[in-house]
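Chain residues, written in single-letter form:
There are 2 protein chains.
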Amino acid sequence: MSALGVTAPQGFSAAATGAGLKASGSPGIAVVVNEGPEFAAAAVFTRNKVFAAPVKVSRAAVAAGELKAVVFNSGNANACTGEQGLHDAQIMQQLTAEGVGAEPTQVAVCSTGIIGDLLPMEKVESGIAAVVTQLGDHGADAADAIRTTDTIAKEVLVKGDGWTVGGMGKGAGMMAPSLATMLVCLTTDAKVNAQALQTALERANSTTFNTLDIDGSTSTNDTVIAMASGASGVSPDQDELDAAVHEACAQLAGMMQSDAEGVTKRVSITVEGAADDEQALNAARTIGRDSLVKTAMFGSDPNWGRVLAAVGMADAEMDADNISVTFNGHTVCEYSTGAPGARDVDLSGADIAVVVDLGTGGEGRATVRTTDLSHAYVEINSAYTS
Amino acid sequence: MSALGVTAPQGFSAAATGAGLKASGSPGIAVVVNEGPEFAAAAVFTRNKVFAAPVKVSRAAVAAGELKAVVFNSGNANACTGEQGLHDAQIMQQLTAEGVGAEPTQVAVCSTGIIGDLLPMEKVESGIAAVVTQLGDHGADAADAIRTTDTIAKEVLVKGDGWTVGGMGKGAGMMAPSLATMLVCLTTDAKVNAQALQTALERANSTTFNTLDIDGSTSTNDTVIAMASGASGVSPDQDELDAAVHEACAQLAGMMQSDAEGVTKRVSITVEGAADDEQALNAARTIGRDSLVKTAMFGSDPNWGRVLAAVGMADAEMDADNISVTFNGHTVCEYSTGAPGARDVDLSGADIAVVVDLGTGGEGRATVRTTDLSHAYVEINSAYTS
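Each protein sequence line maps, in turn, to chains R and X.
Positions 1 to 386 (the numbering used here) are the ones given, in order, by the first sequence.
Positions 1 to 386 (the numbering used here) are the ones given, in order, by the second sequence.
Don't take each hint at face value.
Any copy will do: because identical chains look the same in the list, a pair fits if it lies in one copy or spans two.
[Claimed, not checked] Each computed SDA-like pair below joins lysine to any residue, with the alpha-carbon atoms no more than 20 Å apart:
#, residue 1, residue 2
1, 159, 379
2, 56, 159
3, 49, 123
4, 265, 380
5, 265, 379
Calculated from the structure, these hints are not laboratory results.
None of these values were measured; they are calculated from a predicted model.
The whole structure should be built from the sequences, with the hints applied where relevant.
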């Protein structure tokens, strides 16, 4: 077993190979297989109305609560590819199913990369054919294979009492990732049913991937899948499962934030004093998506006025004369006006914590994690297809 | 009379002077005076819940439908400045009123610049004192004085039949300007009442400043004010007034788009085939605010997949399998999949027109004007206060 990643829990194997989909020549096809004895599965998907063929295929597959494998490709999102794209995703599902001894409906498909081009199916097919003969303790290879603009592979392991949760991920957000679609695969040898796993995944997602917002854009392909093999023989209760899945998701989300396209700062935006948590989340997202706030962060500029200008447009109740803001614990704004020394707060470090109180006296609270808006972000994203 | 700008129509004077508010040393105080014989006025303001003291003062002043003058300062927004800020805005109003022979309630106040610092009132007061003694045909000086990050002064003149509409503006948007707050002052010698002027201004605003969306951020200070002197003695009907005011606003909005911070491309996003105009506008705004679409435009990259990924998150009904997209008239996507030659469309010019059909068969249609997201945008906005 690996020390980390999807093959660290008992009952899972993986493999990856180059499929010629990525210019870099690094592997572009990966398969993660649940060897059982149980096959419970859960997933959350993009909320984008324009979603990719593999999302359609995977939604249907996971609906019955059981998966034996997930097949991944990087380099091409198979999104906006019409009937042919759907057919291609089904071929990926079918070939993987045949290769690992499963029904097609027990296989999910995840793709990431450029939108709008048809998959080079000859390469994909030969890649899958090769991968299914090499299954083993190769979680690290799989985590490497699914990277697109990710600079590092992302793997986790969280230990329970006699059971573990492993995982891998790529990309930079769930609700609002960069073009680098977010794909996550969690594996656990806990003995849990699909419903418990789905509950744990949704709870974890809401405060981890779902509040990671790099650039306000949302992929057509975002997918988080969890599979449980039951191979440990241990049945954690829901609280224990929730805690471990949350920890795995939080660690992966943190890695994505640190590795987001062009990031030089990790920025957390917490909104308090809102009428309710949903309004707090609206306000935190509005601030976290504001280009002027994000460029100020890139410049280490404690320009709190931009935070107020941004939050004033949020769909949230606020007392516009009683908003307060702290940067890294230093009060920079009270009663919606500047605090002494506000312009001198040092934001030169890599982590910036912004806390905004909307002044309603309410208990609503939420945190969104984002990044700065840097030259490198513009550079990476201005020349993606060309 | 000037050939252009706020003093081109009959019955208006203006002056501007340096007030030491801007590091560049260029003038930072301007006053535009309606000499009458009539004093009808209209205005639209920012929708930001966090709005600046001068907005509060001006809203109250214009409520009665009559203004004799507007005083402007650049370099400091007098926003998030609490009770002191409100007091300072009232002082500006009062000094200007005294200087031009008006009641304080007949004077509007417009400020633009950094948020959160108190105005240097000594400099502001001496600036106003100087300006009111220099009133004349100095619209061009006023247009220059209100600039912040604007690289050029922005003036217009639209001719009616025996009457004219002049105007000046600065900044980069209304609903969603860059930090450079949008301030606009229109003047006309038409003989029209405040209600007709307000109607014309609101109609023009909805399709000009209100659909100019540079970076999704919205200022605390945005203000568009119109004053009518009646000095021509000509009373245009509402249609004629609407047309002239619309033309003046459209020209100023076009100048703002071209001069937006860091712009290298002017991008228009038109959404058609929506259920109604409001949904079309939602969709156009969502695309126009998407960082990945905007960086692709900067890179002259015909990456239509990002347009689909962006529009899929819009609050608008769409047929996700029947979306079509054109770039500069070339079809790049039909039935939500790529069209032949889509990757080869040349977007290297300075103007890019994106047209998206949501495929609902509806008649809803809207256009939003935006720009690319460039290195220069990041540079300008990452070092604004420091």
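Here's how the hints hold up against the structure:
1. Taking the closest pair of Cα atoms, residue 159 and residue 379 never come within 20 Å of each other, the shortest separation being 39 Å inside a single copy and 45 Å across copies.
2. In the homo-oligomer, the alpha carbons of residue 56 and residue 159 never lie at most 20 Å apart, since the shortest distance is 32 Å inside one protomer and 57 Å across protomers.
3. Taking CA atoms no more than 20 Å apart as the test, residue 49 paired with residue 123 passes in neither setting, with 29 Å inside one copy and 54 Å between copies.
4. Taking CA atoms no more than 20 Å apart as the test, residue 265 paired with residue 380 passes in both settings, with 16 Å inside one copy and 18 Å between copies.
5. Taking the shortest Cα distances, residue 265 and residue 379 sit within 20 Å of each other both inside one copy (17 Å) and across copies (16 Å).
When held up to the earlier numbered hints, the structure conflicts with 1, 2, 3 and fits the remainder.
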